[in-house]
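So the sequences go chain by chain: A and B. If you read the first sequence in our numbering, its first letter stands for residue 1, the second for the next number, and so on. If you read the second sequence in our numbering, its first letter stands for residue 1, the second for the next number, and so on.
Among the clues, some could well be false.
[Said to hold, decoys possible] The calculated DSBU-like cross-link candidates involving lysine-lysine, where the alpha carbons are at most 35 Å apart (straight line), are: (1) B/K16 <-> A/K16; (2) A/K48 <-> A/K16; (3) B/K16 <-> B/K48; (4) A/K39 <-> B/K39.
No lab work stands behind these hints: they were computed from the structure.
2 protein chains.
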Amino acid sequence: MYVILVYDMEADRTQKMLRLGRRYLVHVQNSVLEGEITKGDLAELRGKIEDLLIVGESVVIYELSSESYLDRTVYGEDPKTDDQFL
Amino acid sequence: MYVILVYDMEADRTQKMLRLGRRYLVHVQNSVLEGEITKGDLAELRGKIEDLLIVGESVVIYELSSESYLDRTVYGEDPKTDDQFL
């Protein structure tokens, strides 16, 4: 399945979510990760997100059974080149 | 169709994108908007995004023909209550 993950964390904690997310997905923009993921890995990632979040922070996971349902258009610099980000 | 829009702007220009985006979509998280949109409105929004962006900024639009292809899970505070954001 294909997943888009967006996160909104306390400023000093964004790196924690980014490190976690990048073990499963590609970092495509400031607080956005996306990519193919297995059901097992997604379940694992969900659990770790729940453990990580504190009050005031949020994560939204958009899940699609296949990337084929999705059209992705980038304006400006295509952020999918991972090396642009820490 | 259903759209998820994520944006990465210069810090002092995020409000411009937010104001533009909120005329068409719901602001759901720090730099994320989503919602149902007509083809005409989406074409209009695309044009305005292209006019607005400067070098170093990026917008990614994820488009689905229907929200039914999408499962959305929120962890932490559900940001879809719009009044939480400027």
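Status of each hint after checking the structure:
1. B/K16 <-> A/K16: holds (29 Å)
2. A/K48 <-> A/K16: The hint holds at about 11 Å.
3. B/K16 <-> B/K48: Between B/K16 and B/K48 the Cα gap is close to 11 Å, so the pair holds against 35 Å.
4. A/K39 <-> B/K39: Judged against 35 Å, a Cα distance of about 33 Å means the pair holds.
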